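Q: Starting from the structure of chain X, add chains Z, F and B where the hints point.
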Amino acid sequence: MSEAGAEAGPGPGARPEPEPSLATVGLIKAFGGVTALDSATVTFHHGKVNALIGPNGSGKTTFFNCVTGMIRADAGRITYRGRDITGKPPHRIARAGIGRSFQLCRVFPRMTVLDNLLAAVRPSGLAGQLAGAGKREETERARSWLARMGIEHLERAEARQLSWGQQKLLELAGVLMSEPELVLLDEPAGGVNPALIDRICELVRELNAEGRTFLIVEHNMDLVMSLSDHVVVFDRGRPIAQGPPSVIQSDERVLGAYLGV
Amino acid sequence: MPSASLVFQSVVLGVLLGGLYALLAAGLTLYFGVMRVVMIAHSAFLILAAYLAWYAHRETGVDPLLTLFVTVPLFFAAGVAMQRLLLTRLRPATLTMMSVLLTFSVALVIEGLLGYVFSGTQRRIRLDYSSAGFEFLGARIAAVKLIAFGMAALALLGLYALMKHSRFGQALRATIQHREAAQLLGIDTDRVAGYGFGLGLATAAVGGTALALDTTIYPSLHWHWIGPLMAIIVVGGLGSVPGAAIAAMTLGMLQSLLQLELSTTWAQTVFYVALFATLAFRPQGFFGGRLAQRF
Amino acid sequence: MPRDSEAPLPAGEASLPASEVSLRAGGTQLRAGETPFWAGRLPRLGILLAVVAVVLSFPSMAPSPYEITVGIAILNYAVLSTSWNFVGGFTGYISLGHGGFAGLGAYGTGLLVTKTELPPFAALFTAAVLVAAVAVPVGYAALRVRGASFVIVSIALVLILLLVFQSWSSFTGGSRGLVVPRPFPGMLRAEHHRTFYFLFAALLAAALLVWWIIDRSRFGMGLKAIREDEDKAQSLGTPTYTYKLVVFVVSAAFTSLAGGLYALWFGDLDPVFQFSILSGAYMVLMALLGGVRHLYGPVLGAVIVGYALEYSKVEFGDTPLHLVVAGLLLGVVVMFMPDGVIPAATALLDRFRKTGETSIREVTAAELRERRGQRNGTEEVRDSERSGSGSGTGTGSQT
Amino acid sequence: MRTTHRLQGGITVGTLALVLVASGCVSGGSNSEDSPDDPIVIGVSLPLTGDFSEPGKGVERGYKAWAKIVNDKGGLLGRKVELKILDDQSNADRVVSDYEQLIGKDEVDLVFGPFSTRLVVPSARVAEEYGMLFVEPAGAAPEVFDQGFKNLFYAAPAVANDHYNHLAEYILALPADKRPRTVAYAAMDDPFAQGTAYGLKEKLEKGGIKTVVNEVYPPNTTDFGGIAAKIADSKADMVVGGSQYQDGVNLIVALQQLNYQPKMAAFSTAPTEPEFAKAVGNKTEGILAPTGYTQKGDYPSNKEFVEKYTKQFGKAPEEDEANAYTTGQVVAAAVKAADCASQDPECQGKMVEWLRGHQVETVVGPLKWDDKGRPQSAHMIQQWVDGEIQIVLPEQQKEADLIYPKPEW
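Chains as they are written, first to last, in the numbering used here: chain X, 1 to 261; chain Z, 1 to 295; chain F, 1 to 399; chain B, 1 to 409.
Looking at chain X on its own, in the form it has when it is part of the complex (with noise of 0.2 Å):
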């Protein structure tokens, strides 16, 4: 059944075949007796936004958790455009390109918002680690994506005093700023307002455009439609359903997983 809907395809349209980004072959992970993770053999497509939906409990969030390395699966193989990064260290799978957003956003609380980003800047060598954080040309990165999430104003501000939106903006900027090809963003518009939602699709295209794959988990239907490229169906710990948006909109299984059936 799962196996049927993770073949179902890239769908209709001539595209040519998506080159790989992150992909997983029977992930599997269960906290004692409940399997978060049943098997889960999924492919996300690289320069693209996927998007992984699916009901609350699904395993989308524990999928995110065990290939960005924050826990480890208990079998199965992850692999990021090819190279193998199964039980890396989160660390090493950021280094490997892949950044991350978390369910409940997630700032320093008590870094200014510049340090916020600075703090993403990964120093090399003994001489790199100890200079003074904050070199120009890193501020004035920093300073730009400040710029473009529009929050720059707010540079010396402490993170935690932020709104809640802002903070969203700023987890953003965080995130970009270590340079990941690949951005995981879990629940991007949760508890966000409509025109900050707006603003975080635009940007996600912009993004997108300028040559970021991106991972969404969203709950936000429309948003998820009107974005992603690419969307993968959780239920149970495992995938259901695979394809456009399109496809995925009248797949029936999609819909009985979402209303229980």
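These aren't lab readings, by the way, just hints derived from the structure by calculation.
It is possible that part of the hints are untrue.
To be verified - The list that follows gives simulated cross-link-like pairs (lysine to aspartate or glutamate, DMTMM-like), each with its CA atoms no further than 25 Å apart:
#  : chain 1 : residue 1 : chain 2 : residue 2
1  : B       : Lys372    : B       : Asp106
2  : B       : Lys150    : B       : Asp106
3  : X       : Lys135    : F       : Asp215
4  : F       : Lys313    : B       : Glu82
5  : B       : Lys315    : Z       : Glu59
6  : F       : Lys115    : B       : Asp93
7  : B       : Lys263    : B       : Asp146
8  : B       : Lys84     : F       : Glu310
9  : B       : Lys210    : Z       : Glu261
10 : B       : Lys278    : Z       : Glu261
11 : B       : Lys235    : Z       : Glu135
12 : Z       : Lys164    : Z       : Glu135
13 : B       : Lys64     : B       : Asp106
It should be emphasised that the depicted structure is a prediction, and the values quoted were computed from it without experimental measurement.
A: Same frame as chain X, now just chains Z, F and B:
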């Protein structure tokens, strides 16, 4: 080589000691389970209970065991109060670290007050049956040690039955395993955590009375207990009550057996060696919990 | 979803009233664009020089060698708590076991001097290197898992070292103690104190300097990110485990230097006093009380705690109430000002300084609360989360 | 951030200023000149809290009794004596800092020693380096005398290792077939307690008596089950406990629980304490202990001491009190001989010089010292006989005959 009878004697002593460790470690595990709190003051409360038993005995001559009827409810209430009034006020983000310091400060206050009220003199309950003992398969068992073990075993069994077979126990286990999930099931996890804390402190009351039966007590004695107990809960897997009990019995026995060949002091290091080995090779502990992974 | 008139667009958010920002900034942070008259490096440098001058001239002003020993004790506290603060302040990991590293440094120095006849100060640094080497496996075990295990290991470290140094008496002298020969034989006691006063001051300066370098470095930025949110830091590519281990080892080395210098000064080592949980707890108390996020926080804490302990000893005489005082002090700090007195005092000072603005800000705050009441559900959840998380706990400090 | 720095700076300057002012003020009042009306101030640091607080308070009572008795008789050199006692919390850092304060800041005229070997060595060093005479009531362990101190005198009959000398002589004088053949030793990890047990061990081993158990336990041990099991299993003829108080009681109870019945049992300190009999359930018969002091001691000053002490504190003095009192007597003798009491190096030097060559009459008998400060007398041996602790050795001082073998406990 130690003789067979001495080895057997040591095994018996190890079991008797392990029982007390197991009860106390179960208490520590409860706090950790419900709140992710390492309760440094646990052993200070243990000594406090021992002092109360000693004091009641000295003043009124009642059997120290009878003080349990007062200390157990008292400590339960104190546990609930401590959780409610102190620990819930800490920021969740830094709860684990700050709660250590807070309970540490509680331990200091208890130690200081005990020293102030009862002075630093070592105390010991003098009972008619203090030096009584009997033969058991060639080993000699002191009556007071057996009573202490019996109390610990009964309390542990009671705790086990409560956790396995009561609705509160189910709520408690659910809270320990996954707090958010328990909340979704409609469990008032704050209240459960409070009661869990109370239960943990009640084990200190029982343990303290058991301790007072057979050993000397003095205000700073709690430092002597907290180290081994913390080692036990890590080895057992943080958050796992059966794990803590098994680890307690194992390590208590090991300590007792090692004393045959090594000095008393070296034998005590077994707890810390086990602790470091566990963290280096198997951080989730040996008998339990997944909880340790993230803590 | 009810709409919020105030934040429809980032542009709208950008036009947030500055007063709101400054209100939320609550003190330590300046409003963007404000340049106070005293800003700039010169006054700060002046204050620093004044402090240094006072510290350095203290021995010559002291009426008797006793005052110098008090100065040494406080400097020693200050070095220890600053060393502790490498771990506690940067990463937020609370170690109760640094007393163990101080003891190791002391015994390491003492044993190297007596057994290998190394020159005293060579022994001091050799011991620090050895302690750093010991700290690697300890850190490996302690830092692999988060939080609770770290504290447990840190306490266990002191307890196991106490057992080992007591038991292994053929090597360490056990309970008979270890006598460390004076590094300057023939020096009069008063002169000895004076010399060590300056040595401790130099060590403090070195510790502060290294802390300062790390604080402003990229490495420090990574460490602070760990303190704020370890998962998040990791997901941004910070090798958190390595970072924590490195700073743990640096901290252990400085603590060891303090312990070793103490051994050379004091001369008599006894495991019971060297490997004491209480001394580790005092380091935590001092750093926390002063403020772990600040360079001078632990120093300030050392001065305050040194006084408080002395005061309670004089006041409560021959009772163990000094433990109660230390306990209560620690409890109060943890509950009500986990950021220490510096932010608490700054907030207070700020209130005085900005009395004119206060009323305006209060109005803004009231308005804000009103506005918040109308916001959507998520916002409310977040606000209650904030107030529930102890951000408002008393004393005017913005915790 | 800048506010913060500024404030920190301010606070730091402020506190430092406070340090200076405070220390300056306090030390301003004292004087270094002797005038006949000024009292002789004697500085002491004692463990009034912490691990050694129990004996520490005993020593304090002894010192206070001495001061009262001296002052009631008109003082020393016509001047009143005044004690300045600080609490060192049983902590070596503190004890040193206390003596620094007493000598440097308070400028006391004389010092008395603290309690416990662990604290005596560091504090003796302070006194030594300031050239002060250091008579101490409680540093009996051999290490104390190996530090090369020239100003130190131990105010008790014998060092720890010699406490059992009379008993060792008695045992070795027994006919070979009656002697205990095997001995089990258990000593607290403390220089004094170990010293007593190992002093006897050395002598008995030299006499060919076998050691079958040799255990050392940390001072904080509360569970003696394991050690007792080892001793009981060895079936040693004799058990020797290098104990202080409570550990001795615990060990005896643990041995009784295991029904171990040795022919001879000797424990230091514990059996001489007043609560001992009750603590071990009155099963005391035959237990031996060395002691440096007896209230019945037939020395002139002792009668006065016991009488006046009992009046002052409502009970008779024990060994700690007596040793403290002895310290006072020794220093007083030196002061009288040197005819001065001040920090002046010449005065202190005269007192040290005099004590080197003279004998002092004290409540524990006449004392004199070797060049390292070791007293040259011996301890008596007491035994619980007929429910009472009585002196059994040496022959000339005995109140009862030594019972051997010991009846069952």
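Q: Against each hint, give a clear statement of whether it holds in the structure.
A: Each hint tested on the structure:
Between B/Lys372 and B/Asp106 the CA atoms are separated by roughly 29 Å; this puts the pair beyond 25 Å, and the hint is violated. Between B/Lys150 and B/Asp106, the direct Cα distance comes to roughly 24 Å. Compliance with the 25 Å bound is thereby established for this hinted pair. This hinted pair checks out: X/Lys135 and F/Asp215 have alpha carbons roughly 14 Å apart, not beyond 25 Å. Restraint check: the Cα-Cα separation between F/Lys313 and B/Glu82 comes to about 21 Å, which is no more than 25 Å; the hinted pair holds.
For the hint linking B/Lys315 to Z/Glu59, the alpha-carbon distance of about 22 Å falls within 25 Å, and the restraint holds. Proposed proximity of F/Lys115 and B/Asp93 is supported: the alpha carbons are some 24 Å apart, at most 25 Å. In summary, the hint linking B/Lys263 to B/Asp146 is not supported, as the alpha carbons are separated by about 36 Å, beyond the 25 Å threshold. Of the supplied pair hints, the one linking B/Lys84 and F/Glu310 holds, its CA atoms being roughly 17 Å apart against a limit of 25 Å.
Between B/Lys210 and Z/Glu261, the direct Cα distance comes to roughly 19 Å. Compliance with the 25 Å bound is thereby established for this hinted pair. For the proposed pair B/Lys278 and Z/Glu261, the alpha carbon gap of about 34 Å is over 25 Å, so the pair is violated. Under the criterion of a C-alpha separation no larger than 25 Å, the hint pairing B/Lys235 with Z/Glu135 is consistent with the structure, at around 17 Å. Annotation: proposed proximity of Z/Lys164 to Z/Glu135 is violated, straight-line Cα distance about 36 Å (limit 25 Å).
At roughly 19 Å between alpha-carbon atoms, B/Lys64 and B/Asp106 fall within 25 Å of each other, so this suggested pair holds.
Violated hints, in rising order: 1, 7, 10 and 12; the structure is consistent with all others.
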